[in-house]
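Asker: What follows is the residue order along each chain.
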Amino acid sequence: MADKHKPAPMVDEVSDFEVLEVAVRELAIEKGLFSAEDHRRFAEFAHSIGPLPAARLVAKSWLDPEFKKLALEDGFTASKEVGIDWLNPTGFGTPSDYCDLRVLENTPSVHHVVVCTLCSCYPRPILGHSPEWYRTPNYRRRLVRWPRQVLSEFGLQIPSDVEVRVEDSNQKCRFMVMPMRPEGTEDWSEDQLAEIVTRDCMLGVALPHPDRKADDKRPVHKAANPVHGH
Amino acid sequence: MSRGHHAEKATGKGDPQCFRGEAPAPKFKVGDRVRIRDLPDIFYTRCQVYTRGAEGVVAVVTHESPAPEDEAWDNVDEPEWFYIVRFKQKELWPEYPDVYENDTLQTEFSERWLESA
Ligand SMILES: [Fe+2]
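So the sequence lines, in the order shown, correspond to chains C and D. Heads up: the first sequence begins at 1 in our numbering, then just goes up one per residue. Heads up: the second sequence begins at 231 in our numbering, then just goes up one per residue.
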């Protein structure tokens with residue numbers, strides 16, 4: 001069995017959409033619509049964005065009622081206050097990140113959660129790249145129909161007297177959730193508050209908690225049944 | 231029209247902002263009860279099948295833009311208003327548990343997909 005130690009392929013299967021993306025990209029480069037260097041630069045720009053500006057937007061809103069009003073009325077303008085211009089890096093935005101940001105405010109009676117059943121629309125300019133699970137057919141198909149079951153798989157139980165409101169982001173609006181400020185954060189600074197507003201809280205699959213920060217160290221869980229020698 | 235016409239139009243404004251003022255007056259307002267039409271969609275649509283025929287309430291009148299069914303073919307001359315519509319989950323999924331009867335779902339439509347209910 002000589003081929004027993006052959007390395008496994010890095011990717012077992014390339015989807016039709018990946019093939020399509022490569023084909024269209026190569027055609028566009030050949031036609032001179034953009035260069036390979038443009039494409040690389042754009043990908044690098046897109047990957048450099050994370051969820052911190054959105055966390056800042058939420059923290060600021062918790063502290064400043066005027067800013068909160070702006071965030072809820074005009075997410076595009078409010079984004080500028082946290083350093084994000086949706087028109088970057090091209091001057092007209094990015095091809096699928098349209099510039100109409102809607103901030104969904106959680107209240108004691110309504111909990112929002114965001115999905116795109118058609119593809120994976122996501123407020124990337126202010127929240128960075130979407131997590132892998134957000135793009136899976138599993139999440140996209142099930143969240144609209146069985147939202148409470150899916151949320152409970154994330155460890156989030158919403159009481160039955162709270163309305164769960166699913167936002168299916170299917171057009172040009174982009175959505176993020178403004179969670180409620182948790183108890184135990186009285187007198188906290190904007191910096192402290194921003195630390196507990198994690199990406200998942202702004203998608204609606206988690207709630208912020210004063211003891212849980214985005215950059216917390218992961219606990220080490222020892223295996224229950226360790227394999228000897230490993 | 232040049233290949234870059236869309237980028238040129240949206241430069242300095244953004245999309246959908248660049249279509250502001252180009253659609254006829256909106257037919258619906260916040261609070262209106264609407265039904266989702268079941269139009270043919272042979273080539274391209276962004277109107278989910280699970281909403282066809284369902285009734286809901288206009289939650290937000292969002293912006294003007296060409297409908298995706300047109301824009302997919304670069305037909306951008308007739309923008310229309312868009313609406314976020316709120317449905318009761320029970321209206322969309324008959325088996326949705328009664329105990330969660332307050333749960334809702336919102337999604338967005340261009341005007342052509344809506345009729346008064
Ligand atoms: Fe999408």
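In case anyone wonders, no lab produced these hints; they're calculated from the structure. A few of these clues could be false.
Claimed, not checked - If you anchor each label on the Cβ, the simulated ranges turn out as follows:
1) D:A237 / C:A23: 16 to 26 Å
2) C:Q192 / D:V329: 29 to 39 Å
3) C:A224 / D:E321: 37 to 47 Å
4) D:E321 / C:Q149: 33 to 43 Å
5) C:H221 / D:V291: 26 to 36 Å
Think of the CB as a built atom: it goes at the ideal place given N, C-alpha and C, for glycine as much as any other residue.
Asker: Work down the list of hints and note, for each, if the structure agrees.
Answerer: Hint check results:
| no. | hint | verdict |
| --- | --- | --- |
| 1 | D:A237 / C:A23: 16 to 26 Å | holds (22 Å) |
| 2 | C:Q192 / D:V329: 29 to 39 Å | holds (38 Å) |
| 3 | C:A224 / D:E321: 37 to 47 Å | holds (45 Å) |
| 4 | D:E321 / C:Q149: 33 to 43 Å | violated (19 Å) |
| 5 | C:H221 / D:V291: 26 to 36 Å | violated (49 Å) |
In terms of the numbered hints stated before, the structure departs from hints 4, 5, listed from lowest to highest.
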